[in-house]
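Chains as they are written, first to last, in our numbering: chain G, 1 to 561; chain C, 1 to 199.
In case anyone wonders, no lab produced these hints; they're calculated from the structure. All C-beta atoms, glycine included, are put in the ideal place defined by N, C-alpha and C. Check the hints yourself; a few may be wrong.
[Unchecked claim] With beta-carbon atoms standing in for the labels, derived distance ranges:
#1 Asp276(G) to Asp13(C): 38 to 48 angstroms
#2 Asn8(C) to Leu423(G): 37 to 47 angstroms
#3 Asp192(G) to His133(C): 31 to 41 angstroms
#4 Asp166(C) to Asp364(G): 48 to 58 angstroms
#5 Asn8(C) to His273(G): 27 to 37 angstroms
#6 Glu261(G) to Lys136(C): 56 to 66 angstroms
#7 Glu222(G) to Asp166(C): 46 to 56 angstroms
#8 Lys102(C) to Glu174(G): 35 to 45 angstroms
#9 His273(G) to Lys136(C): 15 to 25 angstroms
#10 Lys80(G) to Asp13(C): 48 to 58 angstroms
#11 Asp166(C) to Asp361(G): 47 to 57 angstroms
#12 Gly259(G) to Leu176(C): 35 to 45 angstroms
#13 Leu176(C) to His292(G): 30 to 40 angstroms
#14 Ser310(G) to Gln191(C): 58 to 68 angstroms
[As the list claims (entries may be wrong)] Below, simulated EDC-like cross-link-like pairs (lysine to aspartate or glutamate); rule was C-alpha separation at most 16 angstroms, straight line:
#15 Lys177(C) to Glu14(G)
#16 Lys330(G) to Glu14(G)
#17 Lys72(C) to Asp103(C)
#18 Lys200(G) to Glu219(G)
#19 Lys177(C) to Asp21(G)
#20 Lys330(G) to Glu294(G)
[Claimed, not checked] Pulled a few chain G residues facing chain C out of the computed Cβ check, cut under 10 angstroms:
#21 Ile7
#22 Glu14
#23 Leu27
#24 Glu30
#25 Glu33
#26 Glu35
#27 Pro38
#28 Val148
#29 Arg150
#30 Leu227
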Amino acid sequence: MYKYDAIDQQIVNERVAQYRDQTNRYLAGELSEDEFRPLRLQNGLYIQRQAPMLRIAVPYGMLSSRQLRKLGNIAKKYDKAYGHFSTRQNLQLNWPKLEDVPEILAELATVEMHAIQTSGNCIRNITTDQFAGVAPDEVIDPRAMAEVLRQWSTFHPEFALLPRKFKIAVSGTEQDRAIVQAHDIGMEFYIDTKGKTAIKVWVGGGLGRTPILGTVIREHLEWQHALTYCEAIIRVYNVHGRRDNAYKARIKILVKALGIEDFKQQVEAEWLHLKDNPNTITEAELARVGQHFEAMPYESLPAHDSSFDSAIASNPAFAAWLKRCAHTHKQAGYRAVTLSLKPHGHAPGDATSEQMAIVADLADAYSFGELRVSHEQNLILADVKLSNLFPLWEKARAAGLATPNVGLLTDIICCPGGDFCSLANAKSIPIAEAIQMQFDNLDYLHDIGDLELNISGCMNACGHHHVGHIGILGVDKDGSEWYQVSIGGKQGNDASIGLVIGPSFSAEEMPGVVQRLIEVYIQERTPEERFIDTVRRIGVPPFKAHVYAEKQGQSKDAANV
Amino acid sequence: MSNLIKDNAIVADEWTRVTPPSLGEETVRKQAGKVVLFKLTGEETFSAEQIAATQIPAGNALVPFTVWRANKDALASRVSQGEIGLLIATHEAIEDVMAEVKDINAFALVAVYVERFADGRIFTIGNLLRTRHDFKNELRAVGDVLRDQLFFLKRSGFNSYLIRADRSATEALASLKDFSEPYQGAVDIAQPAWRRTTR
Chain G
1 MYKYDAIDQQ
11 IVNERVAQYR
21 DQTNRYLAGE
31 LSEDEFRPLR
41 LQNGLYIQRQ
51 APMLRIAVPY
61 GMLSSRQLRK
71 LGNIAKKYDK
81 AYGHFSTRQN
91 LQLNWPKLED
101 VPEILAELAT
111 VEMHAIQTSG
121 NCIRNITTDQ
131 FAGVAPDEVI
141 DPRAMAEVLR
151 QWSTFHPEFA
161 LLPRKFKIAV
171 SGTEQDRAIV
181 QAHDIGMEFY
191 IDTKGKTAIK
201 VWVGGGLGRT
211 PILGTVIREH
221 LEWQHALTYC
231 EAIIRVYNVH
241 GRRDNAYKAR
251 IKILVKALGI
261 EDFKQQVEAE
271 WLHLKDNPNT
281 ITEAELARVG
291 QHFEAMPYES
301 LPAHDSSFDS
311 AIASNPAFAA
321 WLKRCAHTHK
331 QAGYRAVTLS
341 LKPHGHAPGD
351 ATSEQMAIVA
361 DLADAYSFGE
371 LRVSHEQNLI
381 LADVKLSNLF
391 PLWEKARAAG
401 LATPNVGLLT
411 DIICCPGGDF
421 CSLANAKSIP
431 IAEAIQMQFD
441 NLDYLHDIGD
451 LELNISGCMN
461 ACGHHHVGHI
471 GILGVDKDGS
481 EWYQVSIGGK
491 QGNDASIGLV
501 IGPSFSAEEM
511 PGVVQRLIEV
521 YIQERTPEER
531 FIDTVRRIGV
541 PPFKAHVYAE
551 KQGQSKDAAN
561 V
Chain C
1 MSNLIKDNAI
11 VADEWTRVTP
21 PSLGEETVRK
31 QAGKVVLFKL
41 TGEETFSAEQ
51 IAATQIPAGN
61 ALVPFTVWRA
71 NKDALASRVS
81 QGEIGLLIAT
91 HEAIEDVMAE
101 VKDINAFALV
111 AVYVERFADG
121 RIFTIGNLLR
131 TRHDFKNELR
141 AVGDVLRDQL
151 FFLKRSGFNS
161 YLIRADRSAT
171 EALASLKDFS
181 EPYQGAVDIA
191 QPAWRRTTR
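Next comes chain G alone, as it looks inside the complex (with noise of 0.2 angstroms):
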């Protein structure tokens, strides 16, 4: 992964310098509280309802054990003892004190960590797939660009201070797993008919408060001209770009009020002022920040592990985890292994600092020292030989980190929601865990598939529901908290935004509501169908029928009694 150099570790420094000041002078009264806002907020620290909270930057979800190691013991030292894996493949703490913030910035800067743009008005953590470098299906590998990016993107001058925040996703795989397009903008790259490394460039999408997929306002790039594209984009959002109505000013707004053909040709009349200007990306640096993400030191190793195929066929556990957790690997012998941070009854994409310390532990001793942080909130070992899952299995376990639900219904992406964010109308982590016993049997989550069950404790959509299968949102109804289900949300390439069913529910019945629409899809379903794909095909009113019949059914009952 990416080392700082001299350069990159003092600007680390220079922020901790920075903020520390920043801090000092708002204890002090010298900054009032709306002047400090948007500096701490540019350095993750939000003011929430409990404590502080500070989200500390993951960029593109990678991590060195020595980092996670490091991360554990902040937690310790400044928080609960435990933190939270967000959907932006970032670390939140949820309960550091405000004044304790400057030193746990020096901490992170030891080892090449930092909290800079994780929120405010600026352009924020370049997320991308969780399998990068390692996947089958890997086109270009996308980290190097993307640390490129992030170097060019932090404290970028002139989009210090922008109408809102800015997501940046990239992406080089034929499967999509980095939500490309619902990012402000969404780079995929690919090999164009020449065998150039090109981009298809994706804007204006974005979750939230209005859910709106992005377009594509360039199907060819040069990727030597990424950076400037990107400014010419952002200059045509700083400068039009509403600034009068928070909730309308993100790009995709502008984007559609001035629609994608009127807004492209702003963005390349822009371009072509910008185009070649010296932020333009050489092969030597490109080449330069690639040689931290070459292959790993891989053993030439055959496809089949004689030790590993006998512990499956005499362990039926063992191959159940491995069928959710594990991933095929672009290098014969090895797997990627999903460590889920979803155990049933837990908030989602938790992890304590005893955890913390164990998969930096293991990251040692079976995948090169090295992590990726999902956007699904799990932890991902990338580099993993056949002959190792036994063991690595084995000690996840006694971790309680070998859940094996992977990509099925309790999987569940979830934000921390009312119990902990200040902007949250209702709770979500508790009906996660609601939702995860309801279905504590693993031989029926299995039999249900793949499903991605979304819960987000607000508009704000930071548990990302409008891209579930099933989407939960929390809602507030003259002060109490209720729940709006939608289905038909999709990642991926061909990504859709899910349908509302209905009136919305108590956080009582959601278990039960999930439950019948899993009803639904059971009845419904062809040998070979996806919930995704079952209802895509029949469409939503089966499954509102039946989740409001059982529940008008349930109040006549009622009456007649």
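Starting from the known structure of chain G, fit chain C onto it as the hints suggest.
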């Protein structure tokens, strides 16, 4: 004491900022003509009456763009004597300003007024004035200008900053040096880090 930083030092402000008078019952126009300008809440566009009633004092005068435009011919000789500075608000489109200006370098001073700290349009305006319109003279940030914008303003082509009256310019000076080696190329340092040094 002056609150003006110019080229890394605190200097006396030799310019008088001209503000059109408020005319009692005038209504604040939030948009001009059919073009919807997405402005910050509370941004003001001066009315024709206000512009007509504006007095431009003798000596160095920093004049809002719309006032200058209305008095273009009358001010021409003062512009050529270097007595008139042009004040652009962040919601005014730079193309509209440049369409009226024959030679931007005729102005000894161009200032950009930012009403709220969070309004980052000022950075693009500075960048365009320097890189696209080749403005060579003093480029000043005025309004809600606080020390934590200075590094970005400098990198966007500004070389003077009128710090908000209730804050110390002396302390603000330090923030010009918040970061020593920026990553990306911008106005002040055109080359990105990897072109400047061997990394």
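Hints and how they fare:
1. At roughly 40 angstroms, the beta carbons of Asp276(G) and Asp13(C) sit within the given window of 38 to 48 angstroms.
2. Against the hinted window of 37 to 47 angstroms, the Cβ-Cβ separation of Asn8(C) and Leu423(G) comes to about 41 angstroms, which satisfies the hint.
3. In this structure the supplied range 31 to 41 angstroms holds for Asp192(G) paired with His133(C), their Cβ-Cβ distance being about 36 angstroms.
4. Between Asp166(C) and Asp364(G) the Cβ separation comes to about 54 angstroms, which falls inside the hinted range of 48 to 58 angstroms.
5. The supplied range of 27 to 37 angstroms is met by Asn8(C) and His273(G), whose beta-carbon atoms lie about 29 angstroms from each other.
6. For the pair Glu261(G) and Lys136(C), the beta carbons lie near 37 angstroms from each other, so the given range of 56 to 66 angstroms is not met.
7. In this structure the supplied range 46 to 56 angstroms holds for Glu222(G) paired with Asp166(C), their Cβ-Cβ distance being about 50 angstroms.
8. Checked against the given bound of 35 to 45 angstroms, the beta carbons of Lys102(C) and Glu174(G), roughly 55 angstroms apart, lie outside it.
9. At roughly 18 angstroms, the beta-carbon separation of His273(G) and Lys136(C) lies within the given 15 to 25 angstroms, and the hint holds.
10. Roughly 52 angstroms separates the CB atoms of Lys80(G) and Asp13(C), a value that falls within the hinted 48 to 58 angstroms.
11. Checked against the hint of 47 to 57 angstroms, the C-beta distance between Asp166(C) and Asp361(G) comes to roughly 54 angstroms, which is consistent with it.
12. Range check, Gly259(G) to Leu176(C): about 42 angstroms between beta-carbon atoms, so the 35 to 45 angstroms window is met.
13. A C-beta distance of roughly 32 angstroms is found between Leu176(C) and His292(G), which places it inside the suggested range of 30 to 40 angstroms.
14. Range check, Ser310(G) to Gln191(C): Cβ separation about 59 angstroms, and the 58 to 68 angstroms hint holds.
15. Distance hint between Lys177(C) and Glu14(G) is fulfilled; the C-alpha atoms sit about 10 angstroms from each other, no more than 16 angstroms.
16. With a C-alpha separation of about 40 angstroms, the suggested pair Lys330(G) and Glu14(G) falls outside the 16 angstroms cut-off, and the hint is violated.
17. Annotation: proposed proximity of Lys72(C) to Asp103(C) holds, straight-line Cα distance about 13 angstroms (limit 16 angstroms).
18. Between the alpha carbons of Lys200(G) and Glu219(G) the distance comes to roughly 5 angstroms, so the proposed pair stays at or under 16 angstroms and holds.
19. This hinted pair checks out: Lys177(C) and Asp21(G) have alpha carbons roughly 13 angstroms apart, not beyond 16 angstroms.
20. Distance hint between Lys330(G) and Glu294(G) is fulfilled; the C-alpha atoms sit about 13 angstroms from each other, no more than 16 angstroms.
21. Interface restraint check for Ile7(G): the shortest CB-CB distance to chain C comes to about 5 angstroms, inside 10 angstroms, so the restraint holds.
22. Checking Glu14(G) against chain C: minimum C-beta separation of about 5 angstroms stays under 10 angstroms; hint holds.
23. Interface restraint check for Leu27(G): the shortest CB-CB distance to chain C comes to about 16 angstroms, outside 10 angstroms, so the restraint is violated.
24. A least Cβ separation of about 8 angstroms between Glu30(G) and chain C falls short of the 10 angstroms threshold, and the interface hint therefore holds.
25. With 10 angstroms as the threshold, the beta carbon of Glu33(G) stays out of range of chain C, its nearest partner Cβ sitting at about 13 angstroms, so the hint is violated.
26. Restraint check, Glu35(G) versus chain C: the minimum CB separation of about 7 angstroms is within 10 angstroms; hint holds.
27. A least Cβ separation of about 6 angstroms between Pro38(G) and chain C falls short of the 10 angstroms threshold, and the interface hint therefore holds.
28. With a cut of 10 angstroms, the hint placing Val148(G) at the interface with chain C holds, because the nearest CB-to-CB distance is about 9 angstroms.
29. A hinted interface residue such as Arg150(G) counts as satisfied when its beta carbon comes closer than 10 angstroms to some beta carbon of chain C; here the least separation is about 9 angstroms, so the hint holds.
30. Taken as an interface hint, Leu227(G) checks out: its beta carbon lies about 8 angstroms from the nearest beta carbon of chain C, inside 10 angstroms.
The structure fails hints 6, 8, 16, 23 and 25 (numbered hints given earlier, in ascending order).
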